[in-house]
Amino acid sequence: MLKSFKSVRVAWMALAVLALPALSVPAMAQDPQAAAPADVAPAAQTPPADAAPAGTPAAIADAPAGTLIAPPVDGTPPPAPPESGEPPADTRALDETVQDLKKDVVDLNKELFVLEEELLFPANTQVAVFVSMDIGEFFALDSLTLKIDNKEVANYLYTPREAEALLKGGVHRVYLGNLKVGEHQLVAFFEGKGPNNRDYKRGANLKFEKGVGAKYLELKITDRQRKAQPEFAIKDWE
Amino acid sequence: MAVLQAAFAALAFACGAQAAEKYELVGQPAPDLVARGLSGENVRVSEHRGEVVVVSFWSGSCNTCRAQLEALDRIAKTYATAGLTVIGVNLDDNVARAEKFARAQDVQFQLLVATAKSTGRDYRVDRLPMLVFVDRAGVLRGAHREYKKRDEEMYVRELRTLLNE
Amino acid sequence: MTKLSRIAVAVGATLALASAMVSPALAATPEVDKLSPTVVRDLHFGDALFYYYQGEDFETITRLQAYRQWGRLSHHDAETDLLLGGLYLSLGLHNEAGERFETLLTQSVPEGVRNRAWFYLGKIWYARGYLDRAERAIKEVQGRLTPDLEAERMHLLSNILMRQQRFDEAIALLNSWKGRKDQSDWLAYAQYNLGVALVRKGLVTEADPFLTSVGTLESGRRELRSLKDRANLALGYAYLQNNQPELAKPALERVRLDGPYSNKALLGVGWADAAQGQFQDALTPWMALRDRNLLDSAVQEAYLAVPYAFAKLNANAQAAENYEKAIASFDSETVNLDNSITEINDGTMLDKLLKPDARDHYGWFWQLRELPNAPESRYLYHLLAGHDFQEGLKNYRDLAFLGGTLAKWQDSMVAFQDMLDTRERAYAERVPQADALLASGKLDKYGVDRATTGGQLDQVEQAGDVAALGTAAERDQWARIVRLEAALLAAPHDEETDVIREKTRLAKGVLYWRLAESFKARVWNERRTLKDLDQALREAQNRWVRVQKARSSMPNNTGEFAARVDALRKRLDDTQVRLANVAKQQNGLLESLARNELEAQKERIGTYQIQARFALASIYDRAALGGGTVKTPSNGAATESQGELENVQPDQQPVDQPATDQPAPTEQPAPPPADGPPPATDPATMDPGVNTSQPPPETPK
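Protein sequences appear in the order of chains A, B and C.
Heads up: the first sequence at position 207 corresponds to 207 in the numbering used here, and the numbers run straight through without jumps.
Heads up: the second sequence at position 96 corresponds to 96 in the numbering used here, and the numbers run straight through without jumps.
Heads up: the third sequence at position 536 corresponds to 536 in the numbering used here, and the numbers run straight through without jumps.
Some clues are possibly wrong.
[Claimed, not checked] Partner residues aside, some chain C positions facing chain A, computed with beta carbon under 8 Å:
hint: 1; residue: Val40
hint: 2; residue: Ala328
hint: 3; residue: Asp398
hint: 4; residue: Leu399
hint: 5; residue: Leu402
hint: 6; residue: Leu406
hint: 7; residue: Ser412
hint: 8; residue: Phe416
hint: 9; residue: Ile481
hint: 10; residue: Lys570
hint: 11; residue: Arg571
hint: 12; residue: Thr575
hint: 13; residue: Val577
hint: 14; residue: Gln585
hint: 15; residue: Asn587
hint: 16; residue: Leu589
For the record, the hints were derived by calculation from the structure and aren't laboratory data.
Each residue gets a CB set at the ideal place from its N, CA and C atoms; glycine is no exception.
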């Protein structure tokens, strides 16, 4: 126990210090992440909790002189000087390492994607079938079936999330395969629900010629001809 | 990470592994699984990446399946906020009957029917009920065949490991 | 639903929230920054968008890069850059994002695209802490962006200004911003920032309406309720500092009791009462605080504030008792902290935190966050809410996801290798066959034969050599007749011989006539056969060429692929190792953050301890000076201090002099400006790992 005799005054001051509400600082001052997470991967703009000086008497503007103890800063930085904006050294090094690594993984992933397609579906035999939607009214695509030369090659069930992506303008590459040069036939069916829970089932077919390059076919679900009547059209992208 | 995951799978499932036989797909990405929910919408397991997914393969004609579904319901409710999703996948051929069974269950999690025939094969389902665990990255981490009451504890232990990641 | 005929909206970055981990079952997919409606002119661009609209950022990046490499995105160059930039941003790859946007600025792109590029660059600089550059970038934006981006831009600028303490400018900017009716979120944040800026300038009264407006808004959303608390807290403490405790109290009382700011609010309410001399009232919130987690600084202060209030009420016995209680609590907490620090240093803390079967050191975060009842978790709840920790956790999760992706590829590589091996073997069989065939020159020989036969037919036709096309029997007959004719030439002319001559002449005539009749048809047949042969030859030639081509590309092709597969396999393995290392580093960093946190707490408690002891001593002093002892449960202490009091110097001031007991206004540590709401997403879809306003787990309810 600290000897207190000489320091009655100090003790008294300590009491006064105690009384300062600034001892506890409003939350807003202290948590840099109290900012909504909307911010882009915010770097630690405010110095981290433990960087605050343990006690800066000057931080207490009107504290009586001779105060032994500054109010502990509960993990809050004192009025921040204009920021240098540099995160502490060791966090940053790791951060950079992580970024580099992420970038490398992204690149590597792309290389693998490219290799796979070039190896399994080389350009001269490749056939790709895409699905797109151009619908004005509500239409929930449920499933799609594809046959090439009478063999079923794809049967895809669409989740609400995927159907929504199509409605927004996304195009789904539903089938990727290899075909020999020559004439082939594509037959496609789709099923879905329209407004008022009405079911739609439509089909379409196309004879196409496979040449020496990659062949792209687009299955367009559209209600251009008659509104609220989804129809199928197949486009051959020569 | 694959090294880590393998070592980790070995450790974490040490207990479970005694009860379960080896599941050959452990460590591989979960095969595509899509089927229809009771509300008519298609559900794809891969859309739950980021969460831990428990897939329970069941049939209406198997009694222990029901008990397992109940246990899973409890687990699902407790750990939902931690990022756990439970999905029941029915493997009955007769879709109408499958729907009837599904509606008769009183569980909060999704039950899927009209599953493609290939799903059972893809997942190597050889007995019912069968449970598989998929981690947050979409990789299969374990499987359990059949069900006994004490299994519920084991599931919880293993799931907490996965949820920790 | 957007009625846009295959209109893919040209895109920009979405929300910073889109992390590498896809948040499942998005209620509202990320809002896309619309440029002008563009028709999808390249199917593959549409394919990338299909994944983008589902929030599959990583997949989108992969496809865009791959398709671009194959030249399949030629109609969407600028859009691809814009989209990639935004996606890189959301993955935390600031450098890459910056590069994309800078590329856009060098092209002759429409102003709208240029603006967006500047805006996102500004965001990037801000995120990395380069405020000057951020400001310059933001100011490069000419004209206006879409309303949402415009709101975000204003906000970003105000944040930059405030962080540089340029409050006047911030105030002017925020005052001038007029959002739209449906931008109430942004408005709230703007008001908050404005209020804080005014407070920093000492204009509390001016700040009041803004902070009160935010402090009284109704919202079910987590972020807005948090903002509301912060606004009330800021206003309350501003008034306290301004010596207007009666105005502070209503604001503080609006702070949620079960929210992350309730401790400070309770403390502040107590001080508001105290400042108005109502110490009895002050005891209520302060004593409530004492039941809470001792590691919260507000709670620590409450431990001292309670006896302070008692002292003010002249209840010295209770004051002393409560000081001793405080000291005891601090003491035991210090011991606990020491133990925990030791455990971290030993590496055993994590083991303790984990259940026996879950030895995964990387996963302890979830337990700490989701299980507030775990006895050890309370040590670190501050830490868990901290920015560094959250960033670290996000990084860790991202890395785990990436690792999983690579693991899938590793499986594929094995399959590719097998494929190539099979191909190689097949080729190895067929190559010698192909070579032999090509070397045999058979095709050439056939060509020569054809030419010869063709020539022969021409001659026959020209010469009218009907006999040449006769059947075997006819040619045989003809040959015999010719021989007979030759023999007859040498024979004498008698009656017998003449008859034979005549018969021969007739036979020849008949045969000739027969041959001549069929000649044309036969010529035609032969020519047709030659035509068929020609066709066959042509096909053979084509195939020959193809075989030659395939043969010449055969070893290159497989070898090339095999080399690529090998190289990529190695890269995969290396990257996995790197991932593991970085994850370890990340974890190490978090451990040191934990250690630092505990040390800091220990220090803080130590400080409070000293104050408590001083205060306790002064009470004894006061009691001694005023006569009598202070009866406390721990009599030993009373005796001890009494003994010491004998040595009090005469010139010391009596303790109960009217002192400036009033809370002295202190420089308020600046509330940082709020960084803004998530534009246009449902926060329920946020990855919880990123949500940094996670309330610290309170005592078990």
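Results of checking the hints against the structure:
Using the Cβ-Cβ criterion of 8 Å, the hint placing C/Val40 at the interface with chain A is satisfied: the shortest such distance is roughly 6 Å. The interface hint given for C/Ala328 is violated, since its Cβ lies 13 Å from the closest Cβ of chain A, which is over the 8 Å cut-off. Restraint check, C/Asp398 versus chain A: the minimum CB separation of about 7 Å is within 8 Å; hint holds. A distance limit of 8 Å between C-beta atoms decides the matter here; for C/Leu399 the minimum to chain A is near 7 Å, and the interface restraint holds.
With a cut of 8 Å, the hint placing C/Leu402 at the interface with chain A holds, because the nearest CB-to-CB distance is about 5 Å. With a least beta-carbon distance of about 7 Å to chain A, the hint placing C/Leu406 at the interface is held under the 8 Å criterion. A least Cβ separation of about 7 Å between C/Ser412 and chain A falls short of the 8 Å threshold, and the interface hint therefore holds. Hint status for C/Phe416 relative to chain A: holds, with the closest Cβ pair at about 6 Å, below 8 Å.
For C/Ile481, the shortest C-beta to C-beta distance to chain A is roughly 54 Å, which exceeds 8 Å, and the interface hint is violated. Violation of the interface hint for C/Lys570 is found here, the shortest Cβ-Cβ separation to chain A being roughly 11 Å, above the 8 Å cut-off. The criterion of a C-beta within 8 Å of any C-beta in chain A is met by C/Arg571, whose closest approach is roughly 6 Å, and the hint holds. With 8 Å as the threshold, the beta carbon of C/Thr575 comes within range of chain A, its nearest partner Cβ sitting at about 6 Å, so the hint holds.
Taking 8 Å as the C-beta cut-off, the interface hint given for C/Val577 is violated, the closest approach to chain A being about 11 Å. Nearest Cβ of chain A to the Cβ of C/Gln585: about 6 Å, under the 8 Å cut. The hint holds. Annotation: C/Asn587 was flagged as interfacial toward chain A, and the flag is violated, the nearest CB pair being 11 Å apart, outside 8 Å. Taking 8 Å as the C-beta cut-off, the interface hint given for C/Leu589 holds, the closest approach to chain A being about 6 Å.
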